[in-house]
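Peer 1: Starting from the structure of chain A, add chain B where the hints point.
The residues making up each chain are set out below.
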Amino acid sequence: MMNRRDALARVALLMGGAVIGADYFLTGCSPASTDKDKAQTKDTAAKGPLKDVLNPEQTAYLTEVSDTILPATKTPGAKAANVGAFMNVMVRDCYTPADQEIFTKGMTQLEEASQKMNGKGFLASTPAQRTALLTALDAEQKNYAKTKTPEQPNHYFRMIKELTLLGFFTSEVGATQVLRYLPVPGKYDGNVPYKKGDRAWATT
Amino acid sequence: MEKNTYDAIVIGSGISGGMAAKELTEKGLKTIMLERGRNVEHIKDYVNANKAPWELPHRGGKTQQMIEDHPVLKRDYTLNESNLNFWVNEKESPYTEVKPFDWFRGYQVGGRSLMWGRQSYRWSDYDFEANAKDGIAVDWPIRYADLAPWYSHAEKFAGISGNRDGLPQLPDGDFMPPMEMNIVEKDVAARIRKNYKDRHMVIGRTANITRPHNNGRVNCQYRNKCWLGCPFGAYFSTQSATLPAAMATGNLTLRPFSIVTKILYDKDTKRAKGVEVLDAETNQTYEYYAKVIFLNASALNSAWVLMNSATDIWDGGLGSSSGELGHNVMDHHFRAGAHGEMPGYEDKYVYGRRANGIYIPRYRNLFGDKRDYIRGFGYQGSAGREGWSREIPEMSIGGEFKDALSEPGNWTMGITGFGETLPYHDNKITLDKTKKDKWGLPVLSMDAAIRDNEQKMRVDMMADAQEMLEKAGLKNVKTYNNGYAMGGGIHEMGTARMGRDPKTSVLNKYNQVWDAPNVYVTDGAAMTSAACQNPSLTYLAMTARAVDHAFGELKKMNL
Chain A
1 MMNRRDALAR VALLMGGAVI GADYFLTGCS PASTDKDKAQ TKDTAAKGPL
51 KDVLNPEQTA YLTEVSDTIL PATKTPGAKA ANVGAFMNVM VRDCYTPADQ
101 EIFTKGMTQL EEASQKMNGK GFLASTPAQR TALLTALDAE QKNYAKTKTP
151 EQPNHYFRMI KELTLLGFFT SEVGATQVLR YLPVPGKYDG NVPYKKGDRA
201 WATT
Chain B
1 MEKNTYDAIV IGSGISGGMA AKELTEKGLK TIMLERGRNV EHIKDYVNAN
51 KAPWELPHRG GKTQQMIEDH PVLKRDYTLN ESNLNFWVNE KESPYTEVKP
101 FDWFRGYQVG GRSLMWGRQS YRWSDYDFEA NAKDGIAVDW PIRYADLAPW
151 YSHAEKFAGI SGNRDGLPQL PDGDFMPPME MNIVEKDVAA RIRKNYKDRH
201 MVIGRTANIT RPHNNGRVNC QYRNKCWLGC PFGAYFSTQS ATLPAAMATG
251 NLTLRPFSIV TKILYDKDTK RAKGVEVLDA ETNQTYEYYA KVIFLNASAL
301 NSAWVLMNSA TDIWDGGLGS SSGELGHNVM DHHFRAGAHG EMPGYEDKYV
351 YGRRANGIYI PRYRNLFGDK RDYIRGFGYQ GSAGREGWSR EIPEMSIGGE
401 FKDALSEPGN WTMGITGFGE TLPYHDNKIT LDKTKKDKWG LPVLSMDAAI
451 RDNEQKMRVD MMADAQEMLE KAGLKNVKTY NNGYAMGGGI HEMGTARMGR
501 DPKTSVLNKY NQVWDAPNVY VTDGAAMTSA ACQNPSLTYL AMTARAVDHA
551 FGELKKMNL
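So the protein lines, in turn, are chains A and B. According to this note's numbering, the first sequence is numbered sequentially starting from 1. According to this note's numbering, the second sequence is numbered sequentially starting from 1.
Don't read these hints as lab results, they were simulated from the structure. Beta carbons are placed, not taken as given, at the ideal position from N, Cα and C, and that holds for glycine. Treat each hint with caution, since some may be false.
In silico negatives: residues of chain A with every beta carbon more than 12 Å from chain B [unchecked claim]:
#1 Y61
#2 Q115
#3 M117
#4 S125
Computed list of chain A residues with no C-beta within reach of chain B, every gap over 12 Å [unchecked claim]:
#5 T108
#6 Y144
#7 P153
In silico DSSO-like pairs for lysine-lysine, Cα to Cα no more than 27 Å straight-line [as the list claims (entries may be wrong)]:
#8 B:K91 x A:K51
#9 A:K148 x B:K478
#10 A:K195 x B:K186
#11 B:K186 x A:K196
Chain B on its own, in the form it takes in the complex:
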């Protein structure tokens, strides 16, 4: 028992878990970070990071065997030959879809911080005040001012490159020098600025460092191979950033293959006393004890852990007394936008592969705009010259054809909307006790879908994209709506939301479970609304803030 006791336990080692471990250990707390999957060592385990295209037998594509083995992952670009080892084994860890739900998981040390899209945006009070103003769901218990210093803290540590654009809906941060737009993007941005008062196209803000950073991280080399793991440590991940910082304190123990099956709840003290762990390799169970627990298993799995905990007190599990645990599932709906060709610029090209694009922050239902839906969307996209895979209609086969394909083609540009989904109580996940995973544990059942508000928004996501691109001088602009199922944005949120009232929320304003204040949930589960910005930076900020709070409470003997 003695050796299984720590000051703090962190469940999960992804973006938010890694941050929790770093912050806790830097405050001197002996911490164990529990990760359900295998270890992935920085650089050493990035097995395809330095391979040339021809070194991959299927050139990065997917085989029929991979499709067979990955019935969910195959639904998107996510299934590919080059980083297959970073995605969950779906046969071992199935789930139930009452409605279609794309759940793209990474079960390993680092979680999805290894493959994430790295776009990093602050939220603003337009987001934190939205529920209250619209009178839906519950009000966020925090405002921008509560998070602002923690955004700075997270940005400075993670290394976020970006431009200070001075936009109220997208607050500026403590950025590294921005990446650069290419010549076509710059001209499109200028034309959008000329045509629209409240629409701006800016360079993406990304967790790729543009100058050397702490722990010997090397600035981005513009290879655009981030999701294979970066041997330069140029993008923020658990492996490149938070784990080495936590390890350097001497206070961290990392335990892979540790599936947390429940949080152990002491009904006398009304506190959690530890966790039960199932060793994924040996099937042995262990208990670990600590004064404070950070739950960072990813939005849906954090809810799963809570649902399986303290069921002798609450049928629905720890945090279920509000009736909101597992409800209000959110994501960002996307795959709708437009693309077209930019005439001219034949004498211009780019050097390097920028792992970043442009961003058009939300403008709908802001600054006096009013639509037939609430909230809004942002666009991500890029411009570039076509490569050898383009069609040359007037050519067929032969030497001339080959030589033509060996030169770049036209400039094209496309943008895709990322839209806010509302927190609907009926969008929920539950435990499916009729289906078990490899370890005999009940799986999650997904019952969530976007609705009228999001569908109306998607019409604008296409039409606005077309209009802006046409006004910016692009030709042959075509819209697309490639369909969307919940989860596909890989921004799952909301299953243990924060709030002001224990009757209508699972967490309080410091991310503490109302029913067990020494349990903090600081991943996507905590989100009260979804905004339309990529959420990970907010998880980082929220996590650092919660650790600071927990440390204060521990000192005051309140936990």
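Bound conformation, chain A alone:
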């Protein structure tokens, strides 16, 4: 939960940068959006409830992708948190039309990259092939981020990875089984022992 102190003093970023779309972890920079975006947003607002950008097949596909980014280890992975469904909500409600387009096109690009690297689509790939592909795409987006200006388009894999992290670690599975969730601490202790392997708190 944020307040001015937390929001400003300990700069909270996701993956070392501002979150794409409607920024979650305030950095002081407004997300870049064009007048065209604004006009389109207004247009969709006037039409009432938003239509899904992703169909169920795409959502299921993204759940598989997210599960390679954050797989089950000794604790559950992204599939257990149904992260694809969360992505659907976020892309629909929080992304600008321009970012929505990058995201949906990105799924095709991901599939093409899979064909190129592994000779088959993502879903048909082995776990090792999936990991190799997404590792390469993550290197690509990290490289792109090094020189990217706010005006330049976002990278689709950064979007997928961000939404995976956000969706997973704030899900019930992620917060309670992978992190430690404590609704009512009841007290504060600013000096408790920590040993490697102890899980982080889910909320701050």
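Peer 2: Chain B alone, transformed into the frame defined by chain A:
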């Protein structure tokens, strides 16, 4: 007419209005508190207070629709999914920006007392004497000694947790036990103390109670969800504290959806006789009458009410005879500071979520220090371990990555300055009669900005933060200046300032409007200078003092 007559009227139900209502009703005065927005019932209407992160569809963030609907609120962290219901509907209540002005409003019972930052500091004579010493604006008509007993009164009732630090620029109060610094903050505080004679890092003083308090309020449970409304009543708000106290007297009537459009002025008696109310739901107008009126609509809206009142006598409205009504707009400029990483402490962590941080009180231009600007700033901040949202540069994706993110990261610490803005006559708000709100009422036009003095201060806010953090052992310290527009500090002040002379001030030393002594303005509008401490505690103290004065004057038949 008979049933619309009370002993006292309070306009606004936020931090200062709630306090006015409590104090007036406890003195036996039949009081009506008028609130322009809807009612918010304690606990029952804190709809997201007990939700887990996954119960919010966007996990607390903002949607494009929310951004579209809130062109002002979107400018800061304030726009979020979890307490959107506590912020003003901007489409219904627009305003004009001659210069950029961030006006974050809460139009409901409780006002912004529901979402406030709760940091509660006394001001000192360094603040009350500042204008006189610097020869700017006008002198405060009061000194610390005038407010000190009322600070105590307010602290005891509200419940302020804090440490008695013995600092002259930040007088100690009647505190509940302080919250605790964490291990890194304690070490940083010790190193600052070692490196600087006049700089101190203390635990924040906050209106979160650390032991059970009156009206069945439960001590803070360290959830850090304050701004959703606290089901434990652990922080001071109208709902948790002043409203139940006022209601318990049997003397309070609360009327939501009541937009006060003007104060009714009687030119024969030179007193206000009541107020005109526009019912926000029915658009009907009503009149309410009383012997004394407390105007607590928030700094800018209190000025708005005055500007719309008694315009048949004064073109600029009630209190405008000085030429200062709506002028001298102040705030605290912030969003400049530094942050860095603290090496080590890998075997340390925290338990609980402390809704409070550290405070470094002002040290600039005090104790012999002299800068190329006047006044100063304080810092707020905290230390903690990074969570799952951190970047791990050497990792990409996969199980190892997930397991690494499931553990806490490095300790980091950041501090952000809150700087004093000076009262510039030309920083002003006026009525924009060309633009109307949902109810056909003229809106405010904002024409205010920080200037050279504040800009110079911001350089220090960054450089000092960097130096102190580095001396305290932090590495990779980076400064930031994320820009600031007037109003963003959500500490609007000064639009109906107190003073010693009716020719240069709107209010006298008891917060009475010079031109209508039975009207008291005791919110941020009354401030003659801004200091750099969070102002709400001073509003509480000032309000209680003014009510005490009004009660005395009523007994003496002076009002």
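Peer 1: Hints first: check each against the structure and report whether it holds.
Peer 2: Against the structure, the hints:
1. Under the 12 Å C-beta cut-off, the non-interface status given to A:Y61 relative to chain B holds; the minimum distance is some 16 Å.
2. With 12 Å as the threshold on Cβ separation, the claim that A:Q115 sits away from chain B holds: the shortest Cβ distance comes to roughly 19 Å.
3. No Cβ of chain B comes within 12 Å of the Cβ of A:M117; the nearest lies about 15 Å off, and the non-interface call holds.
4. Once the 12 Å rule is applied to beta carbons, A:S125 is consistent with being away from chain B; the minimum gap is 14 Å.
5. Separation of A:T108 from chain B is adequate, the least Cβ-Cβ distance of about 20 Å exceeding the 12 Å criterion.
6. Every CB of chain B is more than 12 Å from the CB of A:Y144 (nearest about 14 Å), matching its label as outside the interface.
7. Every CB of chain B lies more than 12 Å from the CB of A:P153, the least distance being 17 Å, so the non-interface label holds.
8. With a CA separation close to 24 Å, the supplied pair B:K91 and A:K51 stays within the 27 Å bound.
9. A distance of roughly 21 Å separates the Cα atoms of A:K148 and B:K478; the hinted pair therefore holds under the 27 Å criterion.
10. Proximity of A:K195 to B:K186 is assessed by CA-CA distance (about 21 Å); at most 27 Å being required, the pair is judged to hold.
11. Simply put, B:K186 and A:K196 have alpha-carbon atoms about 23 Å apart, close enough for the 27 Å limit, and the pair holds.
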